[in-house]
Amino acid sequence: MKGIVLSLVGIFWGQKEPKNMIDGYLLFNKKEISESSELSELLSLNQKKIIEKLIQTGEKDWVADQEELVELLKLEPTFNVRYARTNELVPLRNAFFNYVKQIPELSDERQLFRTIKEFAIANVTHQLKKRVDQRDIFIAQSIKSIDDINTILNTIYARISEWYSLHFPELVELARDNEQYIKMVAKLSTTPRSELPEEDIKLLGVKREELIIEAAKNSLGGDMDPQDLAPIKELASFGVEIIKTKERLEKYIDECMTDVAPNVQCLVGSLLGARLISLSGSLLNLAKSPASTIQVLGAEKALFRHIKTGEDPPKHGVIFQSAYIHSSKKHQRGKIARLLASKLAIAARVDYFTGEFIGDNLKAEVEKKIEKIRKESPTPSIRQMEQRKKQKKRKQKGKYKKNFDKDRKRRKRRKNKKNKGSKKE
Amino acid sequence: MTVKQTYIEGVYQLTVEGKQRIATVNINPGISVYNEKLITIESKEYRIWDPFRSKFAAAFLSGLKQLPQISNNKILYLGVSTGTTSSHFSDIVGNGIIYGVEFSHRVMREFVKLSKQRQNLIPILGDARKPEEYAAYIFGADVLYQDVAQPDQSMIFGRNAEMFLRHGGKGVLMVKSQSVDVSMEPEEVFNKEASVLEDTFGLKILEMKSIHSFEKKHAAIITQKV
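Line by line, the protein sequences are chains G and V. The first sequence runs 0 to 424 under numbering that gives the first Met the number 0. The second sequence runs 0 to 225 under numbering that gives the first Met the number 0.
None of the hints are false.
Below 30 Å or equal to it, Euclidean Cα-Cα: the simulated BS3-like pairs (lysine-lysine) are:
no., chain 1, residue 1, chain 2, residue 2
1, V, Lys112, G, Lys143
2, V, Lys175, G, Lys411
3, G, Lys287, V, Lys191
4, V, Lys129, G, Lys18
5, V, Lys115, G, Lys128
6, G, Lys417, V, Lys175
7, V, Lys216, G, Lys408
8, V, Lys191, G, Lys416
9, V, Lys18, V, Lys175
10, G, Lys47, G, Lys100
11, G, Lys128, V, Lys112
12, G, Lys1, V, Lys129
If you're looking for bench data, these hints aren't it; they were derived computationally from the structure.
In isolation and in its complexed conformation, chain G is listed as follows (with noise of 0.2 Å):
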């Protein structure tokens, strides 16, 4: 039995326990080297002649670490081939590095190191093209640009409506929000109020004409001239271009979690699965979670706290967003949480893994034990609202530290409980 190893110049056989000594090797072609970007290529590409050089030693028991080579040498039937326990080529390996020295074609070390060199830098490159063909990532990248996108509107929403509340102050309270705002003053700052005609409110369409009518006419605001209200036209304008553009990310985030993630879009929508993906980093990293890590994605801050203070743990991260959770009762939403996460975490290693769709039979399926949990638990139960009384307590004292000294038997008591399987006493 043998042991073999690979490296970028070629591959060394030889003994094992207890002699550790090479015993032959084949170099790999200078240009085939140069020419190739992954080792699995540079091995298929010498693939005869490795095959051919081996079978000349008569060896037929092989063992190796590598796993492209452990998958070359399975392809002859005549060798027996095995993966390497846990550092059991190791003492072999060095004697390869000390061996390396004795070669006359390998002697230069510069030539050497640059030769690695040059293949390590082909073979980065080839990754780092081959990972873009994955979309997740643009989703991710995507959503963090809508938030980008939100704090700079709220930015200008906060001056425009300053600047032009000068004017018209009335209509900050009419508008449905800070968009629709931006939209309005867009399109009305044209013009002074007193001179608006009311067509062009109505062309708002809005549902508060009437209203908008009567506070243009008897506004409290000042006199603005065309050219003075132009520059605040400008700023609306530009904020009406950015609600455009976040309007087709949105879209586009839409597109590619259909492509990408579709049960976990049909569980929580697009913008709620885009958010899981960016917030574990990928869809591989979200599918590799467990369903308890889904759950309180988002709420890190609180997590961490829990760990180390013994605080209670939060039922929730930004699944919260979902309708399921936030628009049921509030005793029944941790149970409801822990539900999704888990098929949230199904979801995503189908879409990973297979991309069959199964969204339909998931969604159904948390549909029918929301029910249950609804029917089951109408009201919250009495630990419950001991535990909400605790909380409303702590916090009508101010912040969680005045209880402190209180709570220090309490979180000294779960970790001593956390502990108790890890420390010797």
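Position chain V against the provided structure of chain G, taking the given hints into account.
Here is chain V on its own, set in the frame of chain G:
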């Protein structure tokens, strides 16, 4: 302005405007890698080594006396990131080589750019938990340096030391206590990691010290493979 060689060849102690700094001689004069200050003294350009950006510098300035020589050695650097610390290793290493292993694609993109400017940096995109996957690139290491912030840091360090570090070679492990266990005291974590290195991997602990002046809850453990 004075220049003094420290116990590590290639690392100099400069006294600039009354302040003590450490620095390396720039092999790419005129180019700053991470916005560090460049100072020319007697026609040699030095790059100031920032201990708040590089943990090796932090370890040196925290008084660790057993840090390994870098010059003319083969360095296996796990967790090379964008290349802040390894750029200084690259200034010093001379005829040696630095194998930079990093797991993150985004960060490796930056490191590849750096490695194209400096001959002695080799970029390896791989998982330090599976040394077999990049073993083909490594031709033995004289020094192992690790800064990965993972819960199984000591296992990663031990396995790589076993596979690649030569006998008598030094290994430096930068430990972030929060990566291992956020609820344990840092001292406890450092001792636990050190005992794993000793008991599971048979590495000799030469020196262990906290670098809290520069990086809270971090320590450097210097080991040697017998």
